[in-house]
Amino acid sequence: MAVANLNDREFSYTQADFERVRKIIYKKAGINLSDSKKQLVYSRLARRLRALKLPDFSAYLSYLENTDEEQQEFVNALTTNLTAFFREEHHFDFLAEFVKNFKHKRNLRVWCAAASTGEEPYSIAITLAEAFGRYDPPVEIIASDIDSNVLNEGRAGVYNINRIESLSLERKRQFFLKGKGDKNAGKVKVIPDLGRLIEFKQINLLDAKWPLTGLFDVIFCRNVMIYFDKSTQVNLLEKMVKLMQKDGLYIAGHSESFSQANHLVKLVGKTVYRLADVNNRNTTDES
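The numbering used here numbers the first residue of the sequence shown as 1 and each following residue consecutively.
Please keep in mind that the hints were generated in silico from the structure rather than gathered at the bench.
Every residue gets a Cβ at the ideal spot worked out from N, C-alpha and C, and that includes glycine.
Hints are not guaranteed to be accurate.
Stated by the list, open to error - Simulated crosslink set (DSS-like; lysine-lysine; CA at most 27 Å straight-line):
id, residue 1, residue 2
1, Lys-230, Lys-270
2, Lys-183, Lys-209
3, Lys-28, Lys-239
4, Lys-209, Lys-246
5, Lys-38, Lys-23
Unchecked claim - Computed Cβ-Cβ distance ranges for the label pairs, DEER-style:
id, residue 1, residue 2, range
6, Ser-36, Lys-266, 44 to 52 Å
7, Lys-230, Lys-187, 25 to 33 Å
8, Lys-183, Phe-102, 35 to 43 Å
Full structure from sequences and hints, please.
If you want it as structure tokens, here you go:
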């Protein structure tokens, strides 16, 4: 079987180019690219070279460094957006149980910190609607991502029908509308009631200040910390726990652990955490 020669690429792409990409994406988004991501970087960014009609990666990177508008496109291209409805379903079961014990009179607040195209925040909204037994549960969901393109998809709430094939028939009927006409054939849209529960926001977790107010009962930050180095992980976790209610939950991805941060959080379920020391932080009125 013939193997493609890596030198026979459409665009010239050197190790020096890859190193420049690594430095820029780390500075912009805190993402650590391993050597194994070299080919992925090529395939993701080659689309931008074609769109801009640039001859090689060196020219693209020079353009990037001198063009503010391209920097968001660069980040969008390299951030990973693997997601699904009710991915790691045990987390949503844990959330439903948490709601049963939620005795506060105020709204329950959730921050989904890596919302991607919206499947995760809508899964949260479905879980909360079911747990409260109503389409308008007393909840507020903030769904954020660094990628502006995927946030627009999330706001639209329109998906290919195969994206919900793993859901129960009852959930499909209760929470999704089937597309009509040639334009929307094979698509579904989440019901407006779910959309009203969610506010989509663009947030770069590396920014010094996040456009968030108040404290959260639950923070979903799944499968994003793995792209940061250990010191960045701890720094972000320190900021996040300051936004948690003292009885709140922090929900991580299946490949993430915080043994290096046991002064901040303690494990209480399968990649589900609570505050390690509820007295070592500020809280608001819990009523």
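Practice task
Against the structure, test the hints numbered earlier, and report the numbers of the ones violated in rising order.
Solution key: 2, 6 and 7
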